[in-house]
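A.B. asks: Take a look at the letters that make up each chain.
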Amino acid sequence: MTMVAAQDAAALEEVQTPAQTEAPRILSGAQALMESLIAEGTEVIFGYPGGAIMPTYDALFDYTDRLDHILVRHEQGAGHAAQGYARTSGKPGVCLVTSGPGGTNLVTPIADAIIDCTPLVCIIGQVKSTLLGTDAFQETDIIGVTTPVCKWNYQITNADEVPAIIAKAFYIAKSGKPGPVVIDFTRDAQVSLMSKSYEYKKVETLASYKPRVIPKDEHLERAAQLINNAKKPYILFGQGVLISGAQEELKAFAEKTDIPCASTLLGLSAMPIDHPNYVGWLGMHGNYGPNVLTTQADVVIAIGMRFDDRVTGDATTYIRQAKVIHIEIDPAEIDKIIKADAPVVGDAKETLKRLLPLVKTNNHATWRNEFKKYDLIEDQKITQRELNADGQIKMAEVVNMLSEKTKGEACVIADVGQHQMIAARYYKFKNPRSYIASGGLGTMGFAIPAAFGAKKGAPEREVVAFIGDGCFQMTIQELGTIAQSGLPVKLIILNNNYLGMVRQWQQLFFKKRYSFVELQNPDFVTIAKGFGIAGHTCSDRENLGESLDRLLQSDKPYLLEVIVEKEENVFPMVPAGAAVADIRLD
Amino acid sequence: MTTYTICVFTENTFGLLNKITVIFTRRRINIESLTVSETERQGVSRYTITIKHDKREEVEKLVRQIRKVVEVLAVFGYLDDEIVYNEIALFKVATPIGGKPIDIETINKIYKAWVVYWGLDYVVIEKAGNESEILDFFRYIKSYGILEFVKSGRVAVGKTPAGLVEYLPEEVHWEYYV
Chain A
1 MTMVAAQDAA ALEEVQTPAQ TEAPRILSGA QALMESLIAE GTEVIFGYPG GAIMPTYDAL
61 FDYTDRLDHI LVRHEQGAGH AAQGYARTSG KPGVCLVTSG PGGTNLVTPI ADAIIDCTPL
121 VCIIGQVKST LLGTDAFQET DIIGVTTPVC KWNYQITNAD EVPAIIAKAF YIAKSGKPGP
181 VVIDFTRDAQ VSLMSKSYEY KKVETLASYK PRVIPKDEHL ERAAQLINNA KKPYILFGQG
241 VLISGAQEEL KAFAEKTDIP CASTLLGLSA MPIDHPNYVG WLGMHGNYGP NVLTTQADVV
301 IAIGMRFDDR VTGDATTYIR QAKVIHIEID PAEIDKIIKA DAPVVGDAKE TLKRLLPLVK
361 TNNHATWRNE FKKYDLIEDQ KITQRELNAD GQIKMAEVVN MLSEKTKGEA CVIADVGQHQ
421 MIAARYYKFK NPRSYIASGG LGTMGFAIPA AFGAKKGAPE REVVAFIGDG CFQMTIQELG
481 TIAQSGLPVK LIILNNNYLG MVRQWQQLFF KKRYSFVELQ NPDFVTIAKG FGIAGHTCSD
541 RENLGESLDR LLQSDKPYLL EVIVEKEENV FPMVPAGAAV ADIRLD
Chain B
1 MTTYTICVFT ENTFGLLNKI TVIFTRRRIN IESLTVSETE RQGVSRYTIT IKHDKREEVE
61 KLVRQIRKVV EVLAVFGYLD DEIVYNEIAL FKVATPIGGK PIDIETINKI YKAWVVYWGL
121 DYVVIEKAGN ESEILDFFRY IKSYGILEFV KSGRVAVGKT PAGLVEYLPE EVHWEYYV
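Going down the list, the protein sequences come from chains A and B. At position 527 of the first sequence (counting the first as 1) the number is 527 in my numbering, and the numbers step up by one without a gap. At position 54 of the second sequence (counting the first as 1) the number is 54 in my numbering, and the numbers step up by one without a gap.
For the record, the hints were derived by calculation from the structure and aren't laboratory data.
Pair by pair, the computed Cβ-Cβ distance ranges are:
#1 E148(B) x K210(A): 43 to 49 Å
#2 T35(B) x A39(A): 37 to 43 Å
#3 A39(A) x S37(B): 37 to 43 Å
#4 K430(A) x T25(B): 41 to 47 Å
#5 N18(B) x I26(A): 33 to 39 Å
#6 I26(A) x N12(B): 26 to 32 Å
#7 N569(A) x D80(B): 51 to 57 Å
#8 D136(B) x K216(A): 47 to 53 Å
#9 K407(A) x E58(B): 45 to 51 Å
#10 G43(B) x S515(A): 53 to 59 Å
#11 K202(A) x D80(B): 42 to 48 Å
Positions of the beta carbon are idealized from the N, C-alpha and C atoms, including for glycine.
So here's chain B without its partners, still in its complex pose (with noise of 0.2 Å):
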């Protein structure tokens, strides 16, 4: 199976997002994980989803469906290597009195990961990155009690020189797949 990163770039209409998942479901197709926001242009917003799929081909043909929905300016369809991408987590972490103190030098030089949060007897740590750091993080910190966990779904940007809204919007997407 292969991680798929579809940038869906949409007018910021109401009830939108039924539309686009809904192309997802009849074929089904798990959404694994998506991030809506708008963008530098005003009333655009951007969808960045992923998915697994094993054939190539099936992704294309979900990426023309979703260009047919009416608000929908642009499609774009990524293998990882095509794009630059995080995601964000946060780790609710037990720091009990006379428990096993946070190494927080480790946390930050080696993980990169900041402490965001003080509480009484916990702290909240935010660990930027891709899926693996995020887990390479999440082994290191789970000896501590981890109480909460959270992930956001990817944020991605095309490793083109021009931001990918820039290109809307022209008529230039479907080609891309034919």
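Next comes chain A alone, as it looks inside the complex (with noise of 0.2 Å):
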């Protein structure tokens, strides 16, 4: 065989092959976007359509078999509604909406997301790439509208771009301390062919971002002698617990140790209510003990949470006489509000593994038992009287009874205000991701869209949402939504006619001077029956049963409208800007 038919030869066999045979894939930058969202896992997307998305939702066309859309009645809803997605199911949810105000319309949803580290991947229309900074119809400088609020953001005007743009989204959104990412999507690049062939490879690692997953061996060394060396440890875990899955390595963990575990409220059922380690919910209107004993700890450990100022009071006397044990994967978390003795950069879960056999096994029995004596005057005070109340119904009494009917399994979304606090306190969370609720921005109108955001997500679930009247007021046209998309989402308005948690600040600290915070409210089931949803109203005790079992037992989405005390107010509370130790019980 001479030279030039071998090499004949062994070209023909790499024509042969398939990779060489496979017609190159040329899509369309919209086209391309629907391929790498199902590249990367994507179920669901929510969303409402507009101009300058037009040729995204029309290559959605061809994909509705591979990817479900949920069309929102307005974008707010959409990127809440992913967030409830996102915090059921673990995974980024993904909106898509149009320029300008379609995008505009997102920001507070992305706001929010960054605030409680919720992933997720929003895709935003924009007008063609050369029309750009000319003030054209629908245009808004989304890229600087969302950048103080998003954790990354980027303008694609090619279609090449798409793929590794996409990949990259994903990976920011769902990595280190997850969040919101933007991709302003130009027209053009929605309409254009790549110049190349579709290939999509997911990103797993940037040179210039890398959150540290796995911490040091120093830094656990160092926490390890505190705790061990600890008469009052006390750990306090937020959601960087339920983000990581370290629920089983904090309940190992804080049964070796033997050490009591408070939750902040986005903490809330990583760990089951009944376990023995559990003390209760820190912060503003937490629980008592937990709030009064966090001044006796002498080494306190923060496990994925940030210390917010509902949780701490008054900063500069929060904890002072505790040295500090900072377990968090964001190092810019570390001596942002509270110095760390100790800080360990890392992820809960790898965190809590590599320190269980460092730790002694211990018994701090006795430290553990001075919260059950906080406990019972919490429970003479203030729990006693809101479940045996006479008169109106208390929202606790309704909070109460569902946690009994479902058993302490529900997932339950609570809108912003009294009864986000109320469902907080009484519900018995048995199973992880079971709270969901705006912490962080305090979001009032959050509660529906993420009710059917957290269904689709979990749609195994019993998902059941506590809303204020005045918060149902701001989404109230996501009914809609849920009506469409027939999810059995469950929606309980604990109606007492006013804006409870503004009137009860009014109260205490204004001198009852009631400014615009009573409101007159819509029959809300005659307007659920308008958009086909099934419900009722109760006003009395001994309909309360029985109205929560025709809520549960539909297999629709329903609306119980619950009329509440009128001017119920919420305790314990620490009064914005107090130290911890000064919480109210009355």
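Take each chain as given, in its own frame, and dock them per the hints.
C.D. replies: In structure tokens:
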């Protein structure tokens, strides 16, 4: 065989390999986006079409067998629904909206997601790149608008960029401290064809962004030493435990070291409420003992939490007596609010796994029992009063009864206000990812869209949302989305005819000057019926049990309105800016 | 108030200036000067930002927040004695016929400044140095009649044997501050 012939034969073999015979896949930018979303495991998109995103919606029409799309009634609904989906499923929620108002309407959920560490991938249409900066119709500088409130953003102006940028977006959204990313997608990039065959490669590392998952040995040793020598150690855990899936590791760590554990608002449900080491909930309206006893702990182990001001109260006096071990994946959180004596940068699950063999088996029963004394006081002064009330129904009774009927296994969505705090206090969470609320931003209107998003993320779970009458009217239009999707989401309005939390503050701190907090409410049940959602109102204690049964037994979306005591206050309460030791019981 | 020089190494990407500066804006920290240029490594930009602040720990927090920006490769915060730094100033000075003659020898030898352009009735003098050196020269030349004055932001390199960019993109950055 001559050399030339040998080369020809080799060339022929190459031509016959499958890789060479596969036709090049020249896709439009919009098609490339669809393929990329599927490659990332996207199952559902929450969105709203419009002019600048129309080519992408046109491409979506051909992918509806693989990509479910939920048409919301307002882009804010898309964002909160994606948050609900992400919080129950642990996967990034995906939003698709148009330019201009579409994008700006999505800013609130983006800001909510960055502060609550929720992974979102928000794809926002943009005018043609030749029109950028010309004040074209529905043009907004969404990169400029979202920069302070998102984890990362990028403007795609060329179809060729799509696969790599979407891969990068998903990696950034879900890794390290999760958060929202924004992709601004110009119309011409959606329409034009890629210059090369479509290929997708997931991103697993970036030169400039390297979240540290594995903690350093010397940091762990320093932390273990403090824990082993502590007399009154105390674990404060947050949502970082849920995000990293460290529930079992947290339990094992708490059991071995016998340390009492308290949860932040967003950490709720990371530990079952009946666990012997669980002592309650921290913060402005948290439990009495967990707040007061922070002043007695000698070592505080903060896991996946960020010392929010609603937890610390006056940060200048907070846990000054304690050595602080701060386990956090984000180095920027270390020393941000509370100075850490032993910072440990790493993922909660990995850190607890590695810390476990370094800590001694211990017994802190005496210290743990101190919490029980405070529980007793709280029970006598607040819980018994709220659960055995006369007169109008109290919010606590509703949540408590639902908790019993669902055996603590429902996924509870809460909107923002008094009902949010009552839901956090009285629902006895058994399973992780069971309390979903807007924590950091406190976004009223969160619950209706988040509830149907949560149901999409965990269809096998009972999803029940507690919503105030004020909150309900902020995203009431999303009843239409629930009705159209047919998702059996259960909505409970706790109606006191007030913006309850504001009224409570006005009562306590503004001499009862009730400035614009009483609402003239519509007939919520009739409105729900107008959307095609069944419901009824309950105003008598005798009917509450039966009302909740009807709600839970429905295999369709259902609305229950409960008329609750008009001027109820939420206690315990740490007044804003006060020290946690100054917590009030009345 | 102490002057801090913050050196930020970033990917050279579009729109990053806004992402960096918004971190200062949100914390109500004024940027005294800002200089951006590409480094000796292709695709890597270097921001040199000076601020004045009375609390070192707040500056350290700021540095960590800047490090959070995805495209940021490394951030270093320095006090003045930890860096070699300079600014450059241009003075457009009037030289009318019959006016006070400019003393070039003093300008060159005492102030280490140079005339870089001769106009018909003015000259442009370049002076490089730190803030006080430039201010000294400003005071000296003021009597000649300054038509225009412009000063750049600070450029700075750390007093370490190796170039800081050599460390990129290793994971040592935040450790300096914890």
